[in-house]
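Participant: Protein sequence lines, in the order shown, are assigned to chains A, B, C and D. 5 is the number of the first residue of the first sequence in our numbering; add one for each residue after it. 5 is the number of the first residue of the second sequence in our numbering; add one for each residue after it. 5 is the number of the first residue of the third sequence in our numbering; add one for each residue after it. 5 is the number of the first residue of the fourth sequence in our numbering; add one for each residue after it.
Incorrect hints may have been included.
[Said to hold, decoys possible] Lysine-lysine pairs mimicking BS3-like chemistry, simulated, CA-CA at most 30 angstroms apart: (1) B:Lys118 <-> A:Lys128; (2) C:Lys96 <-> B:Lys134; (3) A:Lys134 <-> B:Lys122; (4) D:Lys122 <-> A:Lys118; (5) B:Lys15 <-> B:Lys134; (6) B:Lys128 <-> C:Lys122; (7) C:Lys134 <-> C:Lys170; (8) D:Lys134 <-> D:Lys96.
[To be verified] Computed footprint of chain D on chain A, listed as stretches where at least three residues anywhere in the stretch have a Cβ under 8 angstroms from a Cβ of chain D: (9) 29 to 42; (10) 181 to 191.
[What the hints assert, rightly or not] Pair ranges (Cβ atoms, derived): (11) A:Ala86 <-> C:Thr55: 54 to 62 angstroms; (12) A:Asn46 <-> B:Lys118: 42 to 50 angstroms; (13) A:Asp173 <-> B:Asp65: 28 to 36 angstroms; (14) D:Val76 <-> C:Asp18: 27 to 35 angstroms; (15) B:Asp169 <-> C:Asn162: 55 to 63 angstroms; (16) A:Glu121 <-> B:Lys15: 51 to 59 angstroms; (17) B:Asp63 <-> D:Asp48: 51 to 59 angstroms; (18) A:Gln213 <-> D:Met5: 53 to 61 angstroms; (19) B:Arg75 <-> A:Ala86: 40 to 48 angstroms; (20) D:His9 <-> A:Glu47: 48 to 56 angstroms; (21) A:Glu166 <-> D:Gln54: 55 to 63 angstroms.
Source of the hints: derived by calculation from the structure; they are not laboratory data. Please read these numbers as outputs of a predicted model, since none were measured by experiment. Glycine included, C-beta positions come from ideal geometry on N, C-alpha and C.
Number of protein chains: 4
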Amino acid sequence: MSLLHHESVIKRADELVQTVYLFSQRGWCPATSSNFSFRILNEDLVIITQTGVDKDYIDLDNMMVVSLDGRVVEPEGAQPSAETLIHTALYKHFDKAHSVLHVHTPLSTVLSMKYLEKGEIRIKGYEMQKALEGITDHNSEIVFPIFPNSQDMTQLSNSLTEYLDKNDDIHGLFIAGHGLYSWGTSIPAAKRTVEATEFLLECEFLRSQI
Amino acid sequence: MSLLHHESVIKRADELVQTVYLFSQRGWCPATSSNFSFRILNEDLVIITQTGVDKDYIDLDNMMVVSLDGRVVEPEGAQPSAETLIHTALYKHFDKAHSVLHVHTPLSTVLSMKYLEKGEIRIKGYEMQKALEGITDHNSEIVFPIFPNSQDMTQLSNSLTEYLDKNDDIHGLFIAGHGLYSWGTSIPAAKRTVEATEFLLECEFLRSQI
Amino acid sequence: MSLLHHESVIKRADELVQTVYLFSQRGWCPATSSNFSFRILNEDLVIITQTGVDKDYIDLDNMMVVSLDGRVVEPEGAQPSAETLIHTALYKHFDKAHSVLHVHTPLSTVLSMKYLEKGEIRIKGYEMQKALEGITDHNSEIVFPIFPNSQDMTQLSNSLTEYLDKNDDIHGLFIAGHGLYSWGTSIPAAKRTVEATEFLLECEFLRSQI
Amino acid sequence: MSLLHHESVIKRADELVQTVYLFSQRGWCPATSSNFSFRILNEDLVIITQTGVDKDYIDLDNMMVVSLDGRVVEPEGAQPSAETLIHTALYKHFDKAHSVLHVHTPLSTVLSMKYLEKGEIRIKGYEMQKALEGITDHNSEIVFPIFPNSQDMTQLSNSLTEYLDKNDDIHGLFIAGHGLYSWGTSIPAAKRTVEATEFLLECEFLRSQI
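Turn these sequences into a full structure, and let the hints guide you.
Facilitator: Quick look at the structure:
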């Protein structure tokens, strides 16, 4: 039986589809951009959105299974997102990560361009930071690294892994002119992290205007 | 019988859930933030959202009962929002308050940071002010106090109570870098106050840009 | 039989309710603000929203009938919007106006404050102007008058009438710090005019930022 | 049998209606503006929205058939959008174009005014560019031409054709103070291009603010 038809997989895939749909309604995944996944518990397998899907119309049929090294498992012939290797690099590094969400919001696109030279966005002083796993105080300083964009996914996922080997304690990362990757110990936790990060960017943007 | 199953409680809890859902769709409670309550008429009991709830999916099961001093009444083991003491402080001070709504909007977050040193936001000249209870003229000056954020809820609710003992005539308050608290003599009245306040912030922001 | 139960009235009231609901979803009538009406064909009667209605929940029961001089016709005891006299002044002046829509958008609020001293907002060069009745060229100059806000509705409607007696050729008007009034030969025509005007304000705002 | 009742036409018209509805919900076609079409495969016939349609209520009945030279085919007496000649000019030039979408977004309106003298908007450095057909790298430079607005559609479509005869490799075009035209090899491809272009404009706008 196809893994995609297992009851427990369908349940979580539904949860992911619902999250993606909400994000799409907010304009966070325009033009078939963005990709989303969850890891199957205790398996080296990942359910991920297929490439080229219009997220306004996302449904279960847009999902597929890949292995942790990025190979297609099923359905035969399905094409995963080009950025699958970023997802699998994150799963390989973070044992506890069970969902990876990647969105293309205008603010994550432009603020990651603006701060690319600094290599990071630092955020401090917001209650909303407490939505990030393990953060209990608004006075903590949160660091989100920024990586230069590349069309070479192997290179991009290697830079990422190299960074994570030295700087483990992050909640999300930006690719410059491209968007945000975030993750969590569950789909709801990953959703919470994406929403908190986007909110923090919006606050940083507004503060720069007033 | 559980208080949460009383017909009259369910009716008002439904009204609150509907309000929270609308707010969530506007992006006012991202990432499981924000909390919402109403007081049971003539009782020292409050129905409040449990902690950690994704407001995009809010339903009646996310509610719980606490006493006016913040103790859990039911369901057993449920965890109320960390900010329950702010709600109960407001109910204790304002006899007529029957609903307290707390939202995390980007503008309430950043404008409360900007004006924290002044300790208040003053607003004048808008027709929308008349949506605030007791205000009948757009030329009245409305004062919203701003409190520094803190993770110590006892301290925060005490500062609040101390302020209210001297300055009774307010329609809402900000916690810096955190958000807006507002209240009303009913759930619709509290909804109206939150919407009016957020609108006034948006106008103040736009005026600073033109 | 109540006028509100006539089939033809219900049909148009439904059309109005649907329009109001769409406007409310866009944030154009927060906090029970804004009011909306249509005139009954060949009668000196107007169907208008009752005061204090939350437009997120608007339905047919929120409507009432007033005469062209602003008296309540039915249902007995219903309270019309405080701004009923503005609606009736517009119907009395414009024979062809069959619907008047009044919204509280942030941009109409703040731009009417900014340009109050000039007494008008002039707009030119947009294709969207052609959505205004009788405008066929983007190079026409459109003038929207601005009136100072007042809590005295008789005075406000008199200023308005006085202005219209001299300047008939307008598509909408602003009350400073308050909002936009627009009208049309049908509910869809009035909806189109409101949307076009708000769009033109948004363009003017954006142009001031770039 | 009416072409509009052919099963295959209905299927694609449904797809177009759904796209238009989504665009309308985002505020991209206010006040009955904007027009949308698809070409019937292997025929010199185009299905296009009738003039004056409120896109919040769009349905299949709002569609009509025109020939590639802009004549009404059916239903008898139906009035196509005034801009039909722009659509047909694009179909005549681009053999592979099967859908043309024209939206009136605030940003396409004002940025096309700002850059009219330059005659184009150039965009570079965004991952989102890859949503445009044939673009595989974020470092490509994308050029969108801008044409002065005109009420003379023959003249406007001639300028357009003249430009395209020399500069074939474009993904969309702006008419100053008016809006965006985009197209694709299918309705989803055209939707993707419109969304990507609007996203790129929003990024350019945000970058100008930070």
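Participant: Evaluate each hint against the coordinates.
Facilitator: Results of checking the hints against the structure:
no.	hint	verdict
1	B:Lys118 <-> A:Lys128	14 angstroms, holds
2	C:Lys96 <-> B:Lys134	28 angstroms, holds
3	A:Lys134 <-> B:Lys122	26 angstroms, holds
4	D:Lys122 <-> A:Lys118	25 angstroms, holds
5	B:Lys15 <-> B:Lys134	28 angstroms, holds
6	B:Lys128 <-> C:Lys122	21 angstroms, holds
7	C:Lys134 <-> C:Lys170	24 angstroms, holds
8	D:Lys134 <-> D:Lys96	26 angstroms, holds
9	29 to 42	holds (count 5)
10	181 to 191	holds (count 3)
11	A:Ala86 <-> C:Thr55: 54 to 62 angstroms	57 angstroms, holds
12	A:Asn46 <-> B:Lys118: 42 to 50 angstroms	49 angstroms, holds
13	A:Asp173 <-> B:Asp65: 28 to 36 angstroms	34 angstroms, holds
14	D:Val76 <-> C:Asp18: 27 to 35 angstroms	32 angstroms, holds
15	B:Asp169 <-> C:Asn162: 55 to 63 angstroms	46 angstroms, violated
16	A:Glu121 <-> B:Lys15: 51 to 59 angstroms	57 angstroms, holds
17	B:Asp63 <-> D:Asp48: 51 to 59 angstroms	55 angstroms, holds
18	A:Gln213 <-> D:Met5: 53 to 61 angstroms	58 angstroms, holds
19	B:Arg75 <-> A:Ala86: 40 to 48 angstroms	54 angstroms, violated
20	D:His9 <-> A:Glu47: 48 to 56 angstroms	51 angstroms, holds
21	A:Glu166 <-> D:Gln54: 55 to 63 angstroms	58 angstroms, holds
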